[in-house]
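Those sequence lines, one after another, are chains A and B. Every letter in the first sequence is one number past the one before it in my numbering, and letter 423, counting from 1, is 423. Every letter in the second sequence is one number past the one before it in my numbering, and letter 75, counting from 1, is 75.
Derived by calculation from the structure, the hints in this document are not laboratory data. Beta carbons: idealized from backbone N, C-alpha and C, even for Gly. Among the hints, erroneous ones may be present.
Straight-line C-alpha distance at most 20 Å; calculated SDA-like pairs for lysine to any residue [said to hold, decoys possible]: (1) A:K98 with B:S64; (2) A:K362 with B:K56; (3) B:K56 with A:L255; (4) A:K362 with B:G37.
Ranges of calculated distance between the beta carbons of each label pair, as one might list FRET restraints [said to hold, decoys possible]: (5) A:T408 with B:T85: 32 to 38 Å; (6) B:H86 with A:L350: 42 to 48 Å; (7) A:D252 with B:Q18: 46 to 52 Å; (8) B:V53 with A:T408: 27 to 33 Å.
The following residues of chain A were derived to be distant from chain B, with all beta-carbon distances above 10 Å [what the hints assert, rightly or not]: (9) P23; (10) A227; (11) H244; (12) A251; (13) L413.
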Amino acid sequence: MQKLPLITHSALNKTISWRKGAPILVERFLADVAYLAATLPAGKHVLNVCRDRYHFAVGFAAAMVSNKVSLLPPTHTPEMVQQLQAFAADVFCLHDNKECDIALPKLSYPVIPDISAQPQVSHPKAQQLEIPLQEIPQIDAEQLAAIVFTSGSTGTPVPHKKSWGSLVSNVLAQSERLELDSGTDYTIVGTIPPQHMYGFESTVLLPLQSGNALSSEQPFYPADIAAALTDIVGEHILVSTPLHLRLLLDADIELPKLSMVLSATAPLSNALAHKVEASLKAPLIEIYGSTETGQIATRQTTKTEEWQLLPNVRLSARDGRFWADGGHVEIAVPLNDVIEPLENDRFLLLGRMQDMINIGGKRSSLANLNHHLNNITSVIDGAFFMPDELSHDHVTRLCACVVAPNLTAAQILAELRTRIDPVFLPRPLLFVQSLPRNSTGKLPRNALQKLIIQHMLANQEECST
Amino acid sequence: MIENNTALQLEIAELMVQALNLDVAAAEIEPDAPLYGSGLGLDSIDILEVALVISKQYGLQLKSDNENNHQIFSSLRSLAEYVATHKTK
Chain A
1 MQKLPLITHS
11 ALNKTISWRK
21 GAPILVERFL
31 ADVAYLAATL
41 PAGKHVLNVC
51 RDRYHFAVGF
61 AAAMVSNKVS
71 LLPPTHTPEM
81 VQQLQAFAAD
91 VFCLHDNKEC
101 DIALPKLSYP
111 VIPDISAQPQ
121 VSHPKAQQLE
131 IPLQEIPQID
141 AEQLAAIVFT
151 SGSTGTPVPH
161 KKSWGSLVSN
171 VLAQSERLEL
181 DSGTDYTIVG
191 TIPPQHMYGF
201 ESTVLLPLQS
211 GNALSSEQPF
221 YPADIAAALT
231 DIVGEHILVS
241 TPLHLRLLLD
251 ADIELPKLSM
261 VLSATAPLSN
271 ALAHKVEASL
281 KAPLIEIYGS
291 TETGQIATRQ
301 TTKTEEWQLL
311 PNVRLSARDG
321 RFWADGGHVE
331 IAVPLNDVIE
341 PLENDRFLLL
351 GRMQDMINIG
361 GKRSSLANLN
371 HHLNNITSVI
381 DGAFFMPDEL
391 SHDHVTRLCA
401 CVVAPNLTAA
411 QILAELRTRI
421 DPVFLPRPLL
431 FVQSLPRNST
441 GKLPRNALQK
451 LIIQHMLANQ
461 EECST
Chain B
1 MIENNTALQL
11 EIAELMVQAL
21 NLDVAAAEIE
31 PDAPLYGSGL
41 GLDSIDILEV
51 ALVISKQYGL
61 QLKSDNENNH
71 QIFSSLRSLA
81 EYVATHKTK
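This is chain B alone, in the form it adopts within the complex:
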């Protein structure tokens, strides 16, 4: 399970780097560093773009489950967990 998520994390990191043309290698993105704001430096426009790519790739729709839209994007780990739970393909 842990192994799967590590692979998924890298896969998602690669999607992100590609979609946003980021100046960093996918493997360098720390699983627990914040993606939003001060960490990787994504903002809400990036998050919407990445959400679209992820929804196509894994057949899911991201939803804000609470007041904080960026909760799912708090780290690569939490994003991968969300995808692992909700993916349909």
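If we strip away everything but chain A, and leave its shape as in the complex, we get:
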């Protein structure tokens, strides 16, 4: 059976993470993983909600060396947590936040004594130590490392299993495409959480499997991003989204030199791509992928609008849509985007399929959101509506129409908040007499759009008179 190493760093005194302005060496990481692994409860499934990216990485690694599976759901609402427990009764939550209110058995990330500190290791002129092979855990390629969930269309999350082998081959292909194995040491700073598939791959697995370092921070405001980058000595890669990049540039603050910028979750406009490269003086690479497939293609947006598939990944048309398979994609997966294939390994992305929703990197479907809305007691009928997007770099919000004469907007929003991620909450939520369903009970998009426009115009008139 093939075994693959937990990390690919070449020496024990290589930096694997930057945390609070100081490097953490491989040796310390391995000691932390062993310590935490010995502390984990018996359950086989871990919901790792650690905010600190280093804690998350240690938690993920400790779970793997103990043959446990990390669960990565799309949101942490009370309903989702209940569903995870129904999926895996032994699930426990690993967290690093005193106020964590997730209703599962909890383990707080422990204070781990630094038993690895050796004077010769911390000495700057120390010789690179040969890592004794037995110190780097070797993980079975077929071991189930993570289960990533999508929200599905019936209210029940859909699990997608990720073996260690498929995760590794995915980020090795990415590392090769981005030329991260060239001998330069990079530190990866991410504005996205490690629990999101893109963050999991590009800010956790990628540094662990390309001999680079991850920043423990999850900077939020533009000034936090600048501070996180400034705190780290050496070469930086920023892993972000169109939304964060637009706000970072608009904030007009000074940033240290970057080696590369990665963006994913939504396509970036060509104008923003040029602006990013000009201001940050680094190539901007966009990544295309999904929770089901992992990342499958890249492009440098200022050079071409064509996406190039990662090595060995293929697209094929079947049943009116495109499927990805090959490479790390072990079972063919249908894509949720409209695609135009080009020569060889290239394609164009034409847009999302009608039912799919992606807001700030969180994904759902209208079917799923409608299911939750109609499941609220006293909601007689209801439907979400996604307005046409004005721009890729701005976030467009959902509206919803609801028939619920006995409820207030606040009651409905409070109910929805326990069931769906808050980015999907409707703005506005419109109360209507009935929905314009046709004779088969279907709700045509243009009829719903007409109803919404009428309502918004009527509301505006009310306000101005």
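Go by the hints and put chain B onto chain A.
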């Protein structure tokens, strides 16, 4: 001082309503109700958008001073206090 902050609160509330196209009048936003989550219902995307408008208007950069990014946005009052302390214009 209190009077100034009340004026500042209203000014900030107006910026917020405008930036986010909120379905509520600025004067109706309670100074002590949470802006994030269950109160006004802002999420982190809104907070980043509002932070940008505020940073331009008052010449400051918002920074997370602890683990909780949304602390400054816990209420209109706390946001106005933050702006009053850090503003440069």
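Hint check:
1. Between A:K98 and B:S64 the CA atoms are separated by roughly 17 Å; this keeps the pair inside 20 Å, and the hint holds.
2. Taken as a hint, the A:K362 and B:K56 pair is broken in the structure, with Cα atoms around 28 Å apart against an allowance of 20 Å.
3. With a CA separation close to 18 Å, the supplied pair B:K56 and A:L255 stays within the 20 Å bound.
4. The straight-line distance between the Cα atoms of A:K362 and B:G37 is roughly 17 Å, inside the 20 Å bound, and the hint therefore holds.
5. Separation of A:T408 from B:T85 is about 37 Å and conforms to the stated range, judged on CB atoms against 32 to 38 Å.
6. Between B:H86 and A:L350 the Cβ separation comes to about 45 Å, which falls inside the hinted range of 42 to 48 Å.
7. Between A:D252 and B:Q18 the CB atoms are about 20 Å apart, so this pair departs from the stated range of 46 to 52 Å.
8. The given range of 27 to 33 Å is respected by B:V53 and A:T408, whose C-beta atoms sit roughly 30 Å from each other.
9. Residue placement check: A:P23 keeps its beta carbon more than 10 Å from all beta carbons of chain B (closest about 21 Å).
10. The non-interface label for A:A227 is inconsistent with chain B: the shortest C-beta to C-beta separation is roughly 7 Å, within 10 Å.
11. Residue placement check: A:H244 does not keep its beta carbon more than 10 Å from all beta carbons of chain B (closest about 7 Å).
12. A beta-carbon of chain B comes within 10 Å of the beta-carbon of A:A251; the shortest separation is about 6 Å.
13. Not every C-beta of chain B lies more than 10 Å from that of A:L413, the closest at about 7 Å, which undercuts listing it as non-interface.
Hints 2, 7, 10, 11, 12 and 13 from the earlier list are contradicted by this structure; the remaining hints agree with it.
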